[in-house]
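Chemist: Listed here are the chains, written in short residue letters.
Number of protein chains: 4
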Amino acid sequence: MSNMEILQKILSSKSIVKVGGAFDAMSAKLVEINEFDAIWAGSFAISATHALPDASIMTMTEFLGVATNMVESCEIPVIADCDTGFGGPSNVSHMVKKYENAGVAAVSIEDKTFPKQNSLLENGKQELLSEKEFVAKIIAAREAKKDKNFMIIARTEALIAGMGMDEALKRANAYENAGANAILIHSKKNDPSEIFEFSEKWDGSIPLVVVPTSYPSVGVDELIKHKIKMVVYANQSLRVAYNAMSRVLNEINQTNRLTDVKENMSTMQDIFQLQEMYNIKKEERDIEEELKKLGYLK
Amino acid sequence: MSNMEILQKILSSKSIVKVGGAFDAMSAKLVEINEFDAIWAGSFAISATHALPDASIMTMTEFLGVATNMVESCEIPVIADCDTGFGGPSNVSHMVKKYENAGVAAVSIEDKTFPKQNSLLENGKQELLSEKEFVAKIIAAREAKKDKNFMIIARTEALIAGMGMDEALKRANAYENAGANAILIHSKKNDPSEIFEFSEKWDGSIPLVVVPTSYPSVGVDELIKHKIKMVVYANQSLRVAYNAMSRVLNEINQTNRLTDVKENMSTMQDIFQLQEMYNIKKEERDIEEELKKLGYLK
Amino acid sequence: MSNMEILQKILSSKSIVKVGGAFDAMSAKLVEINEFDAIWAGSFAISATHALPDASIMTMTEFLGVATNMVESCEIPVIADCDTGFGGPSNVSHMVKKYENAGVAAVSIEDKTFPKQNSLLENGKQELLSEKEFVAKIIAAREAKKDKNFMIIARTEALIAGMGMDEALKRANAYENAGANAILIHSKKNDPSEIFEFSEKWDGSIPLVVVPTSYPSVGVDELIKHKIKMVVYANQSLRVAYNAMSRVLNEINQTNRLTDVKENMSTMQDIFQLQEMYNIKKEERDIEEELKKLGYLK
Amino acid sequence: MSNMEILQKILSSKSIVKVGGAFDAMSAKLVEINEFDAIWAGSFAISATHALPDASIMTMTEFLGVATNMVESCEIPVIADCDTGFGGPSNVSHMVKKYENAGVAAVSIEDKTFPKQNSLLENGKQELLSEKEFVAKIIAAREAKKDKNFMIIARTEALIAGMGMDEALKRANAYENAGANAILIHSKKNDPSEIFEFSEKWDGSIPLVVVPTSYPSVGVDELIKHKIKMVVYANQSLRVAYNAMSRVLNEINQTNRLTDVKENMSTMQDIFQLQEMYNIKKEERDIEEELKKLGYLK
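First to last, the sequence lines map onto chains B, E, C and P. Heads up: the first sequence runs through residues 0 to 297, numbered per numbering that gives the first Met the number 0. Heads up: the second sequence runs through residues 0 to 297, numbered per numbering that gives the first Met the number 0. Heads up: the third sequence runs through residues 0 to 297, numbered per numbering that gives the first Met the number 0. Heads up: the fourth sequence runs through residues 0 to 297, numbered per numbering that gives the first Met the number 0.
Hints in this document: simulated from the structure, not taken from any laboratory. Be careful, since some hints might not be right.
When chains are identical, the list treats them as one kind, so a pair holds in a single copy or across two.
Stated by the list, open to error - Straight-line Cα separation of at most 30 Å, DSBU-like style, residue types lysine-lysine; simulated pairs:
1. K97 with K131
2. K224 with K188
3. K188 with K280
4. K200 with K169
5. K280 with K97
6. K147 with K8
Looking at chain B on its own, in the form it has when it is part of the complex:
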């Protein structure tokens, strides 16, 4: 079963799909080990680990490299956050071919302008791309994909840009008509009211996805009740890693001995396990067994 089929299957069989945010292959593997359904290769988190602003600075090549590493390390599907699609419809078309060829199961593209408006030059207005132009990108993505199970998630920022509920619904419908396979409805409110209103008024037939970074008090049970099919915990892994590293580095620099550092560290063995050092040893033993069978070793 391909990664794309796995994602489709869990979407149709589970009440809600839980997606854990990751920014490199190790964090992706930890998402898998901790039994999430899928991995979110988030552009904010990946930009952060490159110490670069989340402002269309990193290139598609760089993001794709990270997502490919995740795909090659994990069994569960990888969903790639592809921002605005790295340009216009032709860029989206190229991007979809590359991501699909790499084994990524789904991409998410959003209806902001690229590159992010330089807000001060433009008097701070956070404008969206016109519906027509974003529909053109969805069509480009739909035409570029080969496997029907490859998912195009259309993310609308209409609520965040302050364009209102009707615009958000209108756009979501337009994106579904154009060929999107899911709608990510984003909100920066600190409660889920807006999301719930959207889901109640939504009469489309494709799944809804949410990212509750700004409304963390929402319960999974509530999301399920409101017909949300996928929830993305985008950046919590990044934020605890940041915090833990800040503390330990500060402590190391303050103390005389590493043994005085209070921070909890995983053992070297935990990490050997994750990076498959033991697996490489097993592979070596398997090869040795084969060499014995073939008469090269006794």
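Got chain B sorted already, so can you dock chains E, C and P onto it with the hints?
Modeler: Quick look at chains E, C and P alone, frame taken from chain B:
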């Protein structure tokens, strides 16, 4: 002042140089923020974040990419752990040119065989490269470098391979004669006795470097007393990040609400700060100012 | 039908499979346009275009990047020349996973040591890897591949290393037993006698592959008669490109006007065609049509 | 002397600087061998060799990788054609840091919109970026560069977009005021009249650059007479390579024997020379000499 000059300067002016381990640009930046003198781009940690064994599996291109990101994000020097130099003398020569061109201040190469001996096939013997062959690599590195301040750190695994103190000293001397600019003396003992014995018997004139992963109870004061000029805290940042991420992902999957998660997270603002989101805004304002001066904005 | 299946199909249906050498996506596309059956992503040619020696200097990442570009640009299968497999069995295992995931149809690995012996240091002996060690690599490759149609081509340099016909046959048999899917028998003689002797004595059941760089007078009809199933024209495209570019650059620098340059150039339109500039325009028209249907344009 | 200083020096000392187009390290090296003053890493040619449209499809990472290979292989300066700067001012700022760190001597950015307008969707209009927005990019580039000798070449497409001579001159002046170090004035006319008119009316103090692809009959003597300081032969090497490869591949597929192929090929030795196979052998001998001196060999 170039990165290479900065590293030379702190080596000559400080009692001991403290180097913090990092595996991507964010962790490198946290090393810088927490006032270490330099960054260790460690191959174990970088392999781990790629979920790949630390066994010469990742390529020079991949390691160099990570080190380049660090150089471009940080002001303090980056020291790249280059394992065995990715092959023979010609590979080392090529590697030194690439790393120096990228702005890395120092590389460390070690006297193990490449690729790591398949220990089971070879009856588990952890053999070192012959002294002659490793000296050939140091000569290749020395001839390839352009900037005299670029440092070649020769790491001997003689103690770890059980070849004894005399062999370790003999090799360290040979490596200095061949052109190494520092000796990294490695030990897997859980106390620093071996390291201290080495440093007492060492009569070379280039600095000694240690990585106290296996003897964390050693004090910085003791290292200084024993003429160690550089200490590398190679993987503590990785290990706390791993641990914190494991915990938070497990909690998220167990609880209904993100607000029930106990783990300490950095704020989004902390991360915006590190990735220079505010700097990009400042750059935008500066450009706006210039545009005003030039009459394009009022 | 996957790239791997296509390659298997032409191997079983054609009297001989013709493979054209390429070093980037454009040369690969020219191989396709000129109706070869498959593309050889040759390490000599790729190294040459990077102005780097063909001596295990370029990394797997770099070679894989080139091969991936070819796969994404062409319909016919890509066969990747992977030298010695970039290290030991663990490197081969990793490499096979990466190449297969990228859509490459076959890889070729050869039984030389890695990195190439520094011939002067080693008194100029061009030693092969022991049969056992190369068999270990083939086992690693076989275990790493997922698609049964993915081909592992084992290339023996036994004749080139002067080890004789019996050794070449013994190794070829051993490689087949270990799981190789084809044997590339290489010769540096300036006639095909050695190759023909090999093919007559060969009683294995997997296909034979040749690269007649050093014996260019051999006829395709003769190869077919001698049970060769695949012929690789590895570097002729590179060598004519080199020659043509040398001439034109020399002429440009000697003459006053570009119009005085005698060299035949393709038109810009030829190149637009190859790089799918017209296709991008067609995609734009298709999107426009869709936008009209959806009511966004009139 | 740095690459940047070399470029400045030849600009001030030669009557005209001749720049040869290249698309990989080998073609760059051939430009150098044939005694051009500098290398043009052209986006059209590089896109073509990736079999991708010249339409902002390839990423900065990919273009930078090619330019870096050129820098590391050649002694003469590399000038990178960076299209529109890969986005807005923040992208330009990031790009300049990356290219300068890689040792590129100059970048060229042009005043078209990014990504290239989808001409059919937009009724085929080839619009330029507003002067203000392009000036913002130049300011961003100027502020990002560290070495004062690093050159920012501002390319105006005003004549190509049909905006007239006055607009072209007005923009060129504005770009110089904003910090550009040279103006590339582009024309698609099949004679140089437009270019000559521009150069006569131009009263700026920074050098003028031309790319006579569409007016190949112009003489170098005429360019010099019209105060042009740099001429770029952007794609002739690509076009002869394309043509020669097409012919040879066609011939190989038609004939029975390679020896029947008429095309002129370079020898393997020519290519060994370019890729420094002999240099690697020399390095080996040098290391051997050193090892003898140190007593490791007799």
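Chemist: A separate judgement is required for each hint: does it hold in the structure or not?
Modeler: Here is what the structure says about each hint:
1. K97 with K131: Classified as within: same-chain Cα gap 24 Å, cross-chain 35 Å, threshold 30 Å.
2. K224 with K188: within (19 Å within a copy, 57 Å between copies)
3. K188 with K280: Between copies only: 23 Å across, 50 Å inside.
4. K200 with K169: within (11 Å within a copy, 54 Å between copies)
5. K280 with K97: between (33 Å within a copy, 20 Å between copies)
6. K147 with K8: both (13 Å within a copy, 25 Å between copies)
Checked against the numbered hints given earlier, this structure breaks none of them.
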